[in-house]
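Visitor: For reference, the chains in residue letters:
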Amino acid sequence: DQQVKQNSPSLSVQEGRISILNCDYTNSMFDYFLWYKKYPAEGPTFLISISSIKDKNEDGRFTVFLNKSAKHLSLHIVPSQPGDSAVYFCAASVLNQGGKLIFGQGTELSVKP
Amino acid sequence: DTEVTQTPKHLVMGMTNKKSLKCEQHMGHRAMYWYKQKAKKPPELMFVYSYEKLSINESVPSRFSPECPNSSLLNLHLHALQPEDSALYLCASSPGGWTSGRSAIYNEQFFGPGTRLTVL
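Going down the list, the protein sequences come from chains Y and G. Position 75 of the first sequence, counted from 1, bears residue number 75 in the working numbering, the numbering being contiguous throughout. Position 13 of the second sequence, counted from 1, bears residue number 1013 in the working numbering, the numbering being contiguous throughout.
Think of the hints as simulated: they come from the structure by calculation, not from any bench. Among the hints, erroneous ones may be present.
Said to hold, decoys possible - When the alpha-carbon atoms are kept at most 25 Å apart in a straight line, the in silico SDA-like pairs for lysine to any residue are as follows:
hint, chain 1, residue 1, chain 2, residue 2
1, G, K1036, G, N1075
2, G, K1041, G, S1062
3, Y, K100, G, E1067
4, G, K1009, G, H1026
5, G, K1038, G, N1070
6, Y, K100, G, S1055
7, Y, K56, Y, P113
8, G, K1041, Y, Y39
9, G, K1038, Y, E42
10, G, K1053, G, T1118
11, G, K1040, Y, F46
12, Y, K100, G, M1015
13, Y, K100, G, P1066
14, G, K1036, Y, E58
15, Y, K5, G, F1110
16, G, K1036, Y, D31
17, Y, K100, G, P1113
18, G, K1022, Y, I102
19, G, K1040, Y, Y39
20, G, K1038, Y, T63
Claimed, not checked - Each pair of labels, with its calculated beta carbon distance range:
hint, chain 1, residue 1, chain 2, residue 2, range
21, Y, G16, G, A1039, 29 to 39 Å
22, G, L1120, Y, R17, 23 to 33 Å
23, Y, K5, G, K1038, 14 to 24 Å
24, G, R1116, Y, P82, 23 to 33 Å
25, G, A1039, Y, G83, 17 to 27 Å
26, Y, D55, G, L1120, 30 to 40 Å
27, Y, Q97, G, H1026, 23 to 33 Å
28, G, R1063, Y, Y39, 26 to 36 Å
29, G, Q1082, Y, D55, 37 to 47 Å
30, Y, P82, G, K1040, 31 to 41 Å
31, G, N1070, Y, K100, 38 to 48 Å
Unchecked claim - Residues from chain Y that face chain G, not an exhaustive set, calculated with beta carbons under 10 Å:
hint, residue
32, Q6
33, L11
34, E15
35, K38
36, G43
37, G60
38, A91
39, L95
40, Q97
Beta carbons are placed, not taken as given, at the ideal position from N, Cα and C, and that holds for glycine.
All chains, please: the whole structure from these sequences, using the hints.
Guide: See below:
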């Protein structure tokens, strides 16, 4: 049972345009969501997070939107840069259940110059 | 110091060997984690230590044995592994910890670079 799903394995975007990465979840108990970026042969790098009491969180070029009724979150990167090319994982957790993160399968973003 | 370090970077071992992976953080984080990641797959949680006590074991086989000697250090002892255990082993830490069912306020986990393990 895959509780966190990223249905697009890959996404290609032109430099300077917006990248939108999507993530769906099934467990309504999740109350904290995170996005990570991963380069090959490196550990995931934390990007941005959002609590379920909010519907938007912004940090520089990165904005995460949460739609609780649809059990959907998205990461917007604008403007996209070639250095953003990586695999992006969304992750979800229940804060009072000891720190377990459930990751989606990842979306490979390619930003072309 | 704002990073999680892991040693060794690469490890090749036979099925009868005993080896250990080491993870260190000096950010004062109170929770530390071991994850396993296979190629083209997301990280999968193995163990969580909170305030130096094991709080989650995701039904990991006993050939993997975690140890948390102090709040900055986390080890993963390996013995009699199988070739299918070959993977990237990731360590992470987070500022909050969990005691007696109380939750941390945030759960941003910061990952190390990983140890690439090959079991022959």
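Visitor: Please list, smallest to largest, the hint numbers that this structure does not respect.
Guide: 5, 7, 10, 12, 14, 20, 22, 26, 30, 31, 33, 34, 37
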